[in-house]
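Colleague: From just these sequences and the hints, can you work out the full model?
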Amino acid sequence: MTLDLNQKIYVAGHRGMVGSAIVRNLKSKGFHNIVGKTHSELDLTNQAAVAQFFIEEKPDQVYLAAAKVGGIHANNTFPAEFIYQNLMMEANIVHQAFENGVKKLLFLGSSCIYPKLAPQPMSENALLTGKLESTNEPYAIAKIAGIKLCESYNRQYGNSHGIDYRSVMPTNLYGPGDNYHPENSHVIPALIRRFHEAKISNAPEVVIWGTGTPKREFLYVDDMAAASVFVMDMPKPIYDQNIEPMESHINVGYGSDITILELAEAVAKVVGYEGMIKTDPTKPDGTPRKQMDSSKLNQLGWQAQFDLETGLVLAYADFQKNHRH
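So the sequence shown is numbered by numbering that gives the first Met the number 0: it starts at 0 and just counts up by one.
Hints may be right or wrong, so weigh each one.
Derived lysine to any residue pairs resembling SDA-like cross-links, with alpha carbons at most 20 Å apart [as the list claims (entries may be wrong)]:
1. K277 / L260
2. K102 / E55
3. K130 / Q119
What follows is a set of in silico ranges between Cβ atoms, one per label pair, in the way DEER data are often shown [claimed, not checked]:
4. K26 / E56: 15 to 23 Å
5. D59 / T281: 49 to 57 Å
6. T37 / G100: 18 to 26 Å
7. D239 / G271: 27 to 35 Å
8. G157 / D284: 42 to 50 Å
9. N158 / K198: 57 to 65 Å
10. G161 / E308: 40 to 48 Å
11. P181 / P203: 18 to 26 Å
FYI, nobody ran anything at the bench for these hints, they're computed from the structure. Every value quoted in this text rests on a predicted model; they were computed, and no experiment measured them. Don't be surprised by glycine CBs; every beta carbon is placed ideally from N, CA and C.
Modeller: See below:
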């Protein structure tokens with residue numbers, strides 16, 4: 000299959016951690032006609048503005064990596080913003096892509112779409128089989144709606160209009176361009192900041208929340224970008240053989256998980272912090288385990304390339320270059 004390197008590709012959310020990694024990946028493959036708009040240039044929740052953008056730009060492909068994201072604190076504080084903004088962005092982009100003849104679109108979801116008590120590792124067919132984690136339910140509902148938007152447009156217009164809108168669900172991501180905000184960041188950037196500050200101040204110990212025993216899976220963001228392009232460019236017959244019309248999303252995971260304490264130790268090592276690491280069992284642990292079943296994608300020929308230590312070294316270098324205050 001020869002790729003048309005001249006086709007115009009719109010990456011929604013090209014400034015975000017995942018979107019910027021997708022742009023890096025596309026450029027490395029020789030794609031040069033890549034369109035991106037900042038939030039100030041284009042408000043994706045504005046239906047008329049998105050319609051105008053698609054009429055003017057007429058992209059051939061769309062990567063839908065734009066989203067309003069945040070940690071537990073942000074999700075709990077702004078649930079209305081999380082559900083409204085994500086629903087509007089997805090609905091506007093998917094519909095205007097269809098209206099303007101875009102044949103190929105890739106929607107990026109999140110592992111939080113799966114039920115709180117889903118069997119581990121979580122396979123694609125766990126979707127909609129149980130209650131969601133309450134802390135980020137509004138965000139998860141919006142992401143599920145994004146999958147169903149793509150599926151519904153495929154079911155109604157796939158044959159008549161030749162559209163092919165796909166979805167990928169990443170596990171926890173980290174890497175260059177991450178958010179290192181003290182309150183709103185995810186676990187890896189939060190630990191990088193904490194251990195870096197502890198190293199600078201010669202703090203004798205760093206305390207991590209909970210028992211340290213819950214296990215989590217982490218994927219370096221450039222691996223996620225590579226998987227996204229891999230799924231987008233997969234020949235349709237092969238993709239169709241591996242999905243159902245109403246279960247069309249594909250998981251993207253690293254393939255193994257690690258305890259929070261092991262993660263803290265790995266971050267401390269990369270940062271060069273040599274003090275004590277202590278756990279605080281009075282603080283909440285969250286779900287004991289959250290791992291994706293990525294066997295479907297692995298069987299299709301894709302595998303993560305960056306191991307945790309390599310990824311953490313690159314993430315810490317990015318933090319030191321761009322985020323240290």
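Colleague: If a hint holds in the structure, say so; if it does not, say that too.
Modeller: For each hint, the structure was consulted:
1. K277 / L260: 9 Å, holds
2. K102 / E55: 17 Å, holds
3. K130 / Q119: Holds, at roughly 15 Å.
4. K26 / E56: 15 to 23 Å: Cβ of K26 to Cβ of E56: about 18 Å, so the range 15 to 23 Å holds.
5. D59 / T281: 49 to 57 Å: 54 Å, holds
6. T37 / G100: 18 to 26 Å: 25 Å, holds
7. D239 / G271: 27 to 35 Å: 49 Å, violated
8. G157 / D284: 42 to 50 Å: 43 Å, holds
9. N158 / K198: 57 to 65 Å: With Cβ atoms ~59 Å apart, the hint holds.
10. G161 / E308: 40 to 48 Å: 44 Å, holds
11. P181 / P203: 18 to 26 Å: At 21 Å between Cβs, range holds.
Violated hint: 7 only; the structure is consistent with all others.
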